[in-house]
Structures are given as C-alpha cells and as structure tokens.
Amino acid sequence: MKKKRVEGVMKTVLLISALSSVTIVLLIGFFTVKESLPAFRSIGCWSMLSGKVWRPGQESYGIMAMIAGSGLVTLGAAVIGVPLALGCAVFLAEVAPGWVAGLVRPSVELLAGIPSVVYGLFGMVVLVPAIRGIPVPGNTGFGLLSASIVLAVMILPTIAGVAETALRSVPRSYYNGSLALGATRWETVRRVTIPAARSGILSAVVLGLGRALGETIAMIMVIGNSVVMPEPLTDNPLSVFLSRARTLTGNIAVEISYATGLHESALFATGTVLFILIMVVNFSARTLLKAGAGGEVSR
Amino acid sequence: MDQIRLKTLDYSLFYGEFRALNRINLEIPSNRITAFIGPSGCGKSTLLRSFNRMNELIPGVRTEGSVQLDGGDIFREDVVSLRKRVGMVFQKPNPFPKSIFDNVAYGPRIHGVRNRSRLAEIAEESLSRAALWDEVKDQLHKSAMALSGGQQQRLCIARAIAVKPEVILMDEPASALDPVATVKIEELMNSLKKNYTIVIVTHNMQQAARVSDFTAFLLTDENRAGNVIEFGPTDRIFTSPTDRRTEDYITGRFG
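Chains C and S, in that order, give the protein sequences. Read in numbering that gives the first Met the number 0, the first sequence has 172 at position 173, and its numbers run on one by one without any break. Read in numbering that gives the first Met the number 0, the second sequence has 170 at position 171, and its numbers run on one by one without any break.
Chain S with its partners taken away, still in its complex shape (with noise of 0.2 Å):
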C-alpha cells in the first residue's frame, strides 16, 4: 500500500450557506498521480485549491472537518509554509513578467536565498527537472512573456519546483494548449511523481486515464454540493467502475 499524503476527513466547504463540497473523505497516495474528473461545476478545482488554501483569498468561504498533509491538519499550519510544502500551477500559463531566471529564482528569494550562485543552482535544477533547461539555457534573462504556452506553463511548474514541494497541484494544465504541448506536459508529469505527489484536475478523460494513477469522480448533488462518487486506481475506475454514475459519465453518457 502506497504511503498516503494527503487526506480529507468529512471536509465540507461553503460558499456563505452554500455548500460546495459535501464531506469529502479522500486519501491521495504519496508519488503517484491522482486526478479529479467531473462535470463543470461539480467541485473538484475547489477541491484542488483547498490543499493548499487557495479559496481563502474568497471572501466568505468556511471549512468544515479537516484536510491533512503528512498527518499534519493544513488549517493549524501558516499559510506561507503550507504554501511552500504544496505548490500549484495554474489552468493558464501564469509566468511573472520577468525573465526567465527571475521567475523561477521567485519562490526561493523569497524564501531567503539571496545566494547568486545557489539560485543559478536552483533555477538550473529545477529548469531541468522542469525539461525546459535545454531550450531556455543560453536565454535565461529574456523575458519569460516571448515564450510560447507550452514553455510557459512548463516555466509555472518549474517555479513550483523550485520551492521544493512536496506536493504539485495542476488545474487542467494543459486545457490551454495544443496537443504537442500537452504531450510534453504529461510526459513530465510522468517524470515529476518519482520525487512529488501530484493532484491534477482535467476536463479531459483520456487525460486522466493516459497520465494518472488514481482517479476520483466528482459530481453534485440535488442540492448542487460536489460529492466524490467514486475513488481508486484509474485502471479500475475506467474499466469496471462500481458507481453506475462514473459509469455513465466515463463513457460519455453525460457531461
């Protein structure tokens, strides 16, 4: 049994008196590759951007039960070094407007490495670990803006890295590009779960079933809460699903 990261106990979040999370009970697995399926609107990037705190910055959003990393309860913890431990990359390519090197230096200046050579070190490590070191090496001070959006994005999860995570969260990180970038997106991700556990959200199923390890389906309910319907290996959840509803939805019923 895989070492489990993150876990969610009766979690329940509301927008004001809406509820838009219905006691969600999840155990995502260590250095695997889970994704969060479901229709538009059933929850699951509210559910992603509560690992690391991200819907506070709404006004009025209220938790209940709790969310752990490592054991830990994330709401105890400081936001600041709970954001440090689980990073995120964003639906569109979000890269600061500054080079290439700043981008990625960002997180660990401001985490107090002021060392020129221990950032170069970073940025190089973190680039490479990113499979964009190549392509930008000689142009690590031109703006990041000229890239195109598979570099980007490849650049966002390299300023992730370069945090070191233990966590990547990915907001359907590939919805904005072509299929050539999106390829090579998921071919890091592949290469990126030997040293951190990643939680993707995809519109995409083939997505979901092509890069992850762990799947779980999401969908409202009559009252327009998201539930997780269904949670396991992807193998199982694609080819014999317990739940009539990710029946229906994996093989394009509804949604």
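So that you can see chain C by itself, here it is in the shape it has in the complex (with noise of 0.2 Å):
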C-alpha cells in the first residue's frame, strides 16, 4: 500500500520536472513574442526583416545587417571550426594511442570551460592586432573574421565531444569486418566508421552552429559592432570578412540597457528572429538526420 503511494508520488514528482523545463521554453517563446508584438505591428514584419538601417533615432528598425552578422559569423566558424573539430574527434577516437588521447581529450574539454568573455580578451588583445596587420584599406583587425575565429574555437569542444562519441559508439565489428578484408586503417576510418557514425557527427555539427548563433558577449567584443550590412572591402568578395558588423545577439545586449518604448520592443523582436533562426536550424538538422539515415541505404 506504501509502496503504490510512493510510486504515485514520484510518477508525479518527475512529470513535474518534465513538464516544467516545458513550460519554461514556451513562457520565454510567449513572453518574447508578445513584447516583440508592437514592433511588428508597427514597423511592419518584413520591413524589419529586410531592413538594412537600424537607427533606433530615427525610428528605423531593419535587423537585416545583423542578421547577415549572426549568419556570416556563424558561417565563418563553420568553415574554421568544424574540419577542426572533426579532426579532433577522429584523432581522438580512432588514432591517439590512450595515454595521447588522455593529455589531449581533458585539454580539448577545457577549452569549454573557458568563460566566453576571456575568448572576447584573447580575441581583442592577440587576434585582432595581428588581422589589422592585413593591408587591405579600412581594416581595423575588429571583425567577421576576428569573430569566427573566436566562435570557431569556442565551438570546438561541443563539437569534438559530440563527435567523438559518435566515433566511439561506432561497433568495433565493423573495423574489424573492414581490416580482415584488407583495407588500412584509415580507409576503414573514412569509408566505413565516419559513415556509420554520420548522424551523430551531424548532430554535434548542429549543436555547434547553435551554440555559435546564440554567443554574446565574445562577439561584442572582437566584432566592431557597427551596425552596417557587411561588405567587401576590396574587389575580393572574401575581403567581407575584414568588415565589422553586429550579431543579433550583440545588438540585443549592446542596447537594452537604455531602449524604451518601440525600441525595447524592436530588441525584443531581434530576439524573436534570432529564436526562430535557431529552431529552424535545429529542424533542418533533424529533417537531413533522416535523410542520411535513408542514406545508409545509398544508391
């Protein structure tokens, strides 16, 4: 009789905790959504989004510049970060002998434990002096790219680690079935463990791109925070990199301090943009997880 009414208890003690990281998600979406309400209305949803002014004294509100900050950023760190990251994680998993593994894994780790606003220091006080060193006129070292290299480290672990155990969880059995049949190691490593392990090295490739969509504070300090839409400097379309931008979490942080009236509901809007960019992010993660489990069976 005790025992049931224990059960009961508990039943209901975790569907409470269950329920209420629920509840927290949609009370933040809601709470978001409605403060970003006025603005919308007012300034019009799509003139907000392919707005490329953001002059909060003059009542003109595109996020458009910042939101090719956050995407170009983003797509900055990809490109450094995660061929980085990947080859951490087969390093890790398939290569380092255990003691190599066990010096660089815990080094590797720490690099997340690393609070984002020393990244920001390190960023301002190393990265950026010597990308100023770049002769291209209108370079001031703070950046895109200053940025991306930043995020790229900053999402290293994340993705490593996810990787990693991706890697690890790959059956032995099929390394083996592909040494007896004469491929070497790394032909075994490229054409059958990193396939089977390709969606959850998709995944920790998401999670990082997530993580790296969300960063504040580290940005604010290395990318310039001029809200302009980014463009090349020189005839070179990769000279956009040495241009300074805005992310749309920066712009949230750098003015909400001060914002009132539609302004404060403008940010708020920035925030709601940012959310769903993340959650389709994570969807279109999801949608070519299936994909590629489809893809096992290839053509």
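Don't read these hints as lab results, they were simulated from the structure. Check before you lean on any hint, since a few could be wrong.
Stated by the list, open to error - Calculated lysine to any residue pairs in the SDA-like style (CA-CA distance at most 20 Å, straight line):
#	chain 1	residue 1	chain 2	residue 2
1	S	LYS6	S	ASP170
2	S	LYS163	S	LYS141
3	C	LYS33	C	ILE255
4	S	LYS83	C	TYR174
5	S	LYS183	S	ALA130
6	S	LYS141	C	ARG190
7	C	LYS33	C	SER168
8	S	LYS163	S	ASP69
9	S	LYS83	C	ARG189
10	S	LYS6	S	GLU165
11	S	LYS91	C	ALA252
12	S	LYS183	S	ILE228
13	S	LYS193	S	LYS141
14	S	LYS91	C	PRO170
15	S	LYS141	C	ALA252
16	S	LYS163	C	ALA252
17	S	LYS91	C	ARG197
18	S	LYS83	C	GLU186
19	S	LYS83	C	LYS33
20	S	LYS192	S	SER65
21	S	LYS141	C	ARG197
Each chain sits in its own coordinate frame; assemble them with the hints.
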C-alpha cells in the first residue's frame, strides 16, 4: 500500500520536472513574441526583416544587417571550426594511443570551460592586432574574421566531444570486418566508421552552430559592432570578413540597457528572429538526420 | 595427397609473457574444409586469426615460429595483401550499415576497382556464390541491416568472396544463427570448397563432423597454452582418435 503511494508520488514529481522545462520554453517564447509584437505591428514584419538600416534615433529598425552578421560569423566559424573539430574527434577516437588521448581530451574539454568573456579578451588582445596587420584599406582588425576565429575555437569542444562519442559508438565489428577485407586503418575510418557515425557527427555540428548563433559577449568584444551591412572592403568578395558587423545577440545586449518603447520592442523582435533562426537550424538538422538515415541505403 | 595451402611451423603466440599457442605444427590442405575444435579458451580462434594476422590488433601480441601461405612467410608479406588473400567471416554477422551492393563492392573498391559494371559483375558473382543472389537481386540498394541474421552472414561471406581470396577463415560462423540458417551456411561451405580453402572454428562437434574434411583438436596444457593434440581426416578423428583426450572430448566426457 505504502509502496504504491511512493510510486504515485514519484511519478508526479518526475512529471512536474519534465513539464517545468517545457513550460519554461513556452513561457520564454511567449514572452519574447509578446514583447516584440508592437514592433512588428508598427514597423511591419517584412520591412523589419529586410530593412538594412537600424537607427533607433530615427525610428528605423531594420535588422537585416544583424541577420547577415550572425549568419556570416556562424558560417565563418563553421568553415574554420568544423574541420578542426572533426579532425580532433577522429584523432581522439581512432588514431591517438590511449595516453595521448588522455592528454589531449582534457585540454579540449577545458576549452569549453573558459568563460566566453576570456575568449573575447584573447580575441581583442591577440587576434585583432594580428588581423589588423592584413594590408587592406578600412581594416581595423575588429570584424567578422576575428569573430569567426574566436567562435570557431569556442564551438570546437562541443563538436569534437559529441562527434568523438558518435565515432566511439560505432561497433568494433565494423572496424574488424573492414580490416579483414584488406582495408588500411585510414580507409576503414573514412569509408566505414565515419559514415556509420554520420548522424551523430551531423548533430554535433548542428549543436555547435546553435551555440555559435547564440554567442554574445565574445562577439561584442571583437566584431566591431557597427550596424551596417557587412560588405567586401576590396574587389575580393572574401574581404567581407574584414568588415565590421554586429550580431543579433550583440544588438540586444548592447542596446537593451537604455532602450524604451518601440526601440525596446524592436530588440525583443531581434530576439524572436534569433529564436526562429535557431529553431530552423535544429529542424533542418533533424531533417538532414532523417535523410542521412535513409542515405545509409545509398544509390 | 592434397596440396598444402597453409602451414604452421613451431608457431607460438604470446600475449605479453603469456603463451597462448604452443608450438603449433599444422598443414592445412587446399580446397578442403578444415575444422578447429576444442573447449573454450583452447586457442582455436587465436590460431584462426593468426592466418590473417588479426591478432596484431591486440597490443602486446608476439609470435615465434612461422606461418606459411603457399610456401611464403605471412609475416614477411604486406598485411593488406595478405588479408586480400585470406578472407574472414566473423562469429556475429557484421555487415556494414550500407546497402547490400555497397557491402559486396566494399572490398573491390578498396582494392581499386572503380568501373561500375565491373563492380556489378563482381557483386552478382559473389552473391551467387554465397547463395544469396536470388533472395536479394531486386533489393541490392536496400540496407544490409534489414536482412535476416542468416542472410547477413551469407552477405558477409559474399563480401569476403568479392576480393577473390584463396582462403576463407570462419570463426563460428553459424553460432549466432537458427538451425535453418545454419544448414544453409553449411551447404554453402560445401559448395565453396571447390574454389576456396576453408578453415572453420566451431564449438559444435556435429557441425565439424558434418562439414569438415580435416579436423584439428586443440587443448590447453598445464600452463594454459593451446596445443594441437591431434590432426587428421575428420572421419578418422571422429571414429578412431589416437589420443585419449581427443576421444574423451568428442564423446562428450568433458568440454
């Protein structure tokens, strides 16, 4: 009789803890959207999203420049960080002898423990002056490139950790089966282990991208924060990465302390856009995962 | 007398200081099925894995004596080309999480076959030899993981055949399968020996008696090192073993 009651109580307790996280997500989502409604209503959803000018003094609230800033810096971080992180994961899971992995893994994990403001400091003191050395007119060192590099290092432990776990969970029997067919270790890793871990690796990358989109303080410190559309400084389109920019997150953090009225609502709208962007990333990841699972039956 | 395909000469294997195989001398004839029987831990799987040097994946393994394939020392040969000549089928079916076609084409691709129609030929030939073609010919692009356990094991045999080995090692290939699938695998072994030399480890003495032409009985000595107690034609081993321990084992008095 008593056992049954404990069972019932435990069930309720667990249900409440599960529901509380759902409730919190819904509450935050609801609150953010509600606060941003005035901005969307008076400025217009489309003109806000596509507007390239953000001048709170003149009641101009276009967030396109920030969307571009967040998008480009995340892309840059992915281009630099994903190969690095995957290389790291493959090294740890498949190549490194035990004692080497025992040294490398904790230091990669340590990267995750560094506060993001310290990354920002490092970027300001080391990266920005170095990048300022690139001889391009208008290059201040602050900008998308510095921010991308900082962000790449920040997402590295997340991606490497999850990807390593995915690689390690591939059954050893696949590995042995491939070697027994005369494949080398590298051929086996490339053609059997990595494809078998594909869905886990993909979720690792997406987790990293989600983290990149949400990063705030380190970005504020190195990206330059000017509210203009990032544009190439020279004829080379890649020089766009030397341009200063602002991220969606940075926009909120920099201005919320003094914003009122429509301005405040526009910042919440920025948050809503960020929210949706991250949801889109997660959703497309899940779709990719499904496609990946179907892709095991390759053509 | 049959031609000798594999030969061990005073071959011993050590895990660190521990001697797991003790001075093994065996001559495995070509195009026959040779079975290794013996109680658990007698070293029969270790001996089998010696022929394609899979033991080298375990740190601290060391060998003495020699193992020869067609008269050449396998430890002097490049391990990749050795494993191409000596294929292996594992205890638990281990198809890759790829399509049936990609599983069979895996080995040939690794060894440089790129031509699609050539790969398709190899796949059909290998799957036919593994008695699986008729069951899967319309679903070559389906995942191998969707096949039954017995089909998966035959796929693994096809995968091994596809690289055109001379020898196929089978480590208890039917122990994870139901009786019907087991019979299929045994029939398959019989049809394969025309083209390949087969060495099989089995726990199942009826299976050894049913399928093999030669049998080696292994047993650990007082130092727990595996020794070959008796080796000869399966008929003779099972009807008139010369060693008392062999007789005890096959009549079920221990092990």
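Tested hints:
1. S:LYS6 <-> S:ASP170: Status holds; Cα separation ~18 Å.
2. S:LYS163 <-> S:LYS141: violated (24 Å)
3. C:LYS33 <-> C:ILE255: holds (16 Å)
4. S:LYS83 <-> C:TYR174: Holds, at about 16 Å.
5. S:LYS183 <-> S:ALA130: holds (9 Å)
6. S:LYS141 <-> C:ARG190: OK: S:LYS141 and C:ARG190 at ~18 Å, within 20 Å.
7. C:LYS33 <-> C:SER168: violated (43 Å)
8. S:LYS163 <-> S:ASP69: It holds: about 16 Å lies between the C-alpha atoms, which stays within 20 Å.
9. S:LYS83 <-> C:ARG189: With a Cα-Cα distance of about 19 Å, the restraint between S:LYS83 and C:ARG189 holds, given a limit of 20 Å.
10. S:LYS6 <-> S:GLU165: holds (14 Å)
11. S:LYS91 <-> C:ALA252: violated (57 Å)
12. S:LYS183 <-> S:ILE228: Given pair S:LYS183, S:ILE228 is violated - Cα atoms ~30 Å apart, limit 20 Å.
13. S:LYS193 <-> S:LYS141: violated (30 Å)
14. S:LYS91 <-> C:PRO170: Holds - the C-alpha atoms of C:PRO170 and S:LYS91 are around 12 Å apart, at most 20 Å.
15. S:LYS141 <-> C:ALA252: Judged against 20 Å, a Cα distance of about 51 Å means the pair is violated.
16. S:LYS163 <-> C:ALA252: violated (65 Å)
17. S:LYS91 <-> C:ARG197: Measuring from Cα to Cα gives roughly 23 Å; hence the hint is violated.
18. S:LYS83 <-> C:GLU186: holds (14 Å)
19. S:LYS83 <-> C:LYS33: violated (66 Å)
20. S:LYS192 <-> S:SER65: violated (25 Å)
21. S:LYS141 <-> C:ARG197: holds (18 Å)
The structure does not agree with the numbered hints 2, 7, 11, 12, 13, 15, 16, 17, 19, 20 stated previously, though it agrees with the rest.
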